[in-house]
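Protein chains: 2
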Amino acid sequence: MEKEQVVVGIDIGGTNTVFGFVDRNGKILGEDIINTTFYGEIEVFVAALYEKIMLVKSRLVFDVEILGFGIGAPMGNINKGTIEYAADLPWKGVIHLAEVFHRHTELPVIVTNDANAAAVGEMVYGGAKDMKNFVVITLGTGLGSGFVVDGRLVYGADGFAGEIGHTLIQPSSDRECGCGRKGCLETYVSATGIKRTVLKLLANSLVSSELRAYSFDELDSRRIFEAAKNGDVIALKAFEHTGAMLGFKLADVVATTNPEAIFLFGGLALAKEFIFEPTRESMERNMLSIYKGKVKLLPSELSTQNAAVLGASSLIWSNRE
Amino acid sequence: MEKEQVVVGIDIGGTNTVFGFVDRNGKILGEDIINTTFYGEIEVFVAALYEKIMLVKSRLVFDVEILGFGIGAPMGNINKGTIEYAADLPWKGVIHLAEVFHRHTELPVIVTNDANAAAVGEMVYGGAKDMKNFVVITLGTGLGSGFVVDGRLVYGADGFAGEIGHTLIQPSSDRECGCGRKGCLETYVSATGIKRTVLKLLANSLVSSELRAYSFDELDSRRIFEAAKNGDVIALKAFEHTGAMLGFKLADVVATTNPEAIFLFGGLALAKEFIFEPTRESMERNMLSIYKGKVKLLPSELSTQNAAVLGASSLIWSNRE
Chain A
1 MEKEQVVVGI DIGGTNTVFG FVDRNGKILG EDIINTTFYG EIEVFVAALY EKIMLVKSRL
61 VFDVEILGFG IGAPMGNINK GTIEYAADLP WKGVIHLAEV FHRHTELPVI VTNDANAAAV
121 GEMVYGGAKD MKNFVVITLG TGLGSGFVVD GRLVYGADGF AGEIGHTLIQ PSSDRECGCG
181 RKGCLETYVS ATGIKRTVLK LLANSLVSSE LRAYSFDELD SRRIFEAAKN GDVIALKAFE
241 HTGAMLGFKL ADVVATTNPE AIFLFGGLAL AKEFIFEPTR ESMERNMLSI YKGKVKLLPS
301 ELSTQNAAVL GASSLIWSNR E
Chain B
1 MEKEQVVVGI DIGGTNTVFG FVDRNGKILG EDIINTTFYG EIEVFVAALY EKIMLVKSRL
61 VFDVEILGFG IGAPMGNINK GTIEYAADLP WKGVIHLAEV FHRHTELPVI VTNDANAAAV
121 GEMVYGGAKD MKNFVVITLG TGLGSGFVVD GRLVYGADGF AGEIGHTLIQ PSSDRECGCG
181 RKGCLETYVS ATGIKRTVLK LLANSLVSSE LRAYSFDELD SRRIFEAAKN GDVIALKAFE
241 HTGAMLGFKL ADVVATTNPE AIFLFGGLAL AKEFIFEPTR ESMERNMLSI YKGKVKLLPS
301 ELSTQNAAVL GASSLIWSNR E
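In order, the protein sequences belong to chains A and B.
So in the numbering used here, spot 151 of the first sequence is number 151, and the numbers just go up one at a time.
So in the numbering used here, spot 232 of the second sequence is number 232, and the numbers just go up one at a time.
Treat the hints loosely; a few may be bogus.
Just so you know, same-sequence chains aren't split out, so a pair can sit in one copy or run between any two.
[To be verified] Computed list of lysine to aspartate or glutamate pairs in DMTMM-like fashion (alpha-carbon distance at most 20 Å, straight line): (1) K92 / E176; (2) K272 / E51; (3) K132 / D150; (4) K80 / E260.
Please keep in mind that the hints were generated in silico from the structure rather than gathered at the bench.
Whenever a hint applies, use it, and build me the whole structure from the sequences.
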């Protein structure tokens with residue numbers, strides 16, 4: 001009997017690493033998870049991950065043929081198969097991930113950053129199926145971006161294209177970024193960024209707010225979303241400010257690559273119109289007239305739960321076509 | 001005798017329109033210039049331009065066969081053959097340039113923005129011959145940009161990619177742009193932009209400067225360059241401010257498409273280190289560490305007059321291959 005062809009999509013996160021066996025249609029035949037923080041050595045991490053992948057494979061209801069491994073990771077570099085100076089991972093400096101993987105397998109291993117993987121996922125399985133020019137913005141702990149031009153992901157000369165989370169909102173900002181600078185877009189526009197904005201608003205204003213009950217550590221974008229739904233003035237203002245800054249930057253993105261659509265993905269995007277409306281308003285207001293009303297701002301059509309795995313797997317699928 | 005095949009490359013600028021007869025090897029067999037600002041009606045402009053082209057053709061030392069017209073113009077749109085809402089040209093709204101041209105000729109007419117044309121020129125004949133990922137910034141009356149990704153020019157979904165001259169330096173700027181907004185990059189960084197900065201510096205400061213002798217209309221980037229060479233404090237400060245703002249925006253450009261090099265082209269770029277040094281310093285200072293020291297900031301290797309003409313002509317040549 002012919003084996004089903006699958007790709008292993010792997011999403012390496014600061015806390016967990018998720019993987020899944022993905023068929024050509026984006027169906028996940030089996031998945032599992034390992035704890036990233038548990039492995040201080042990259043060699044041990046990869047060995048444990050590979051073993052777990054093989055274990056899950058052996059338990060699938062039918063035999064599969066693995067075509068390759070697609071890996072999304074913070075600061076993942078497609079040219080070199082490396083992860084470089086990722087702040088939130090246990091392994092510091094330049095990590096030769098593909099090389100270490102190849103001690104276990106001769107199959108193709110493709111590494112890229114998680115937002116690039118999400119962009120390819122959107123193109124292969126999501127809302128960008130019929131689009132040639134679009135951008136995906138991931139709003140999680142940080143802000144990632146993946147640019148697709150003429151149907152191809154933009155990697156750039158060194159494989160580090162699409163880091164608009166680290167463009168500056170203003171040179172005089174006080175807000176510290178994990179990258180060591182101040183005022184990066186992601187310090188304002190991300191699940192963490194909106195938390196920081198809430199704290200600043202709570203500090204400046206005397207208006208009552210249910211968000212005064214939470215510590216910085218307790219606060220998250222879901223709680224701010226809930227407060228906004230209750231009409232909480234601070235939460236509403238925080239979404240407004242966050243959207244205004246995102247829209248301001250997206251107007252620049254439009255003037256650079258003139259995409260057909262921009263997709264918002266990740267935790268903060270789940271707040272729907274609370275984040276989409278002010279973003280759209282600010283983007284339209286700041287855009288040059290030739291672009292006005294032409295660029296769609298859309299929610300990602302990939303489910304948050306397995307988008308990163310699908311995106312990572314699509315690196316291999318799209319490479320085979 | 002067989003006629004030599006040529007393409008007419010045309011560069012429509014805010015001040016002058018330059019054209020040339022370009023052979024397949026990029027040799028310019030004849031060229032001339034008309035004053036853009038002189039023609040308030042697009043029909044009259046095209047008629048005068050076409051007549052001049054035919055006049056120059058009749059004077060070439062041997063007979064040529066024209067294969068088509070490649071045109072670079074601000075806000076030129078390759079999909080529609082239009083110029084749309086160009087801030088620095090005499091004709092407002094949507095100008096159907098290719099259509100008007102076709103009243104005179106049935107040959108192919110291809111329109112794109114002047115910076116895109118310059119980028120193709122740089123790739124085919126200039127310093128980007130061996131590069132797959134680079135950006136060309138044109139610093140003339142306005143600021144144009146052309147992005148090359150994976151060896152191909154980025155046009156975007158509507159053919160309007162590469163308008164970073166109309167991204168905003170800051171939302172609160174007072175400086176009016178020809179596009180109807182305030183604070184666009186080109187209101188600071190362009191031959192006109194630096195003039196405006198000089199006037200502001202002359203207004204604020206009491207320091208003596210040879211630039212106090214010139215009216216706004218008399219001033220140009222060449223005069224400011226001459227003053228800088230003489231150690232004029234105002235001129236030096238103007239270049240410093242201009243470079244700081246350009247570098248700030250180029251750091252964003254790097255984070256978006258991660259180019260191998262950025263080429264500066266046009267009148268203001270002729271001021272060499274007076275503009276390159278503060279731009280490079282500001283770009284490096286504002287960049288994320290993974291990019292630092294990796295992106296070359298280079299002068300265009302094409303002569304100011306020829307690059308856009310060559311680039312415009314290559315639109316037709318590359319279309320025939």
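Outcome of the hint check:
1. K92 / E176: Within. Shortest intra-copy distance 17 Å satisfies the 20 Å Cα cut-off; inter-copy 44 Å does not.
2. K272 / E51: neither (37 Å within a copy, 57 Å between copies)
3. K132 / D150: both (5 Å within a copy, 15 Å between copies)
4. K80 / E260: between (30 Å within a copy, 16 Å between copies)
The structure does not agree with numbered hint 2 stated previously, though it agrees with all others.
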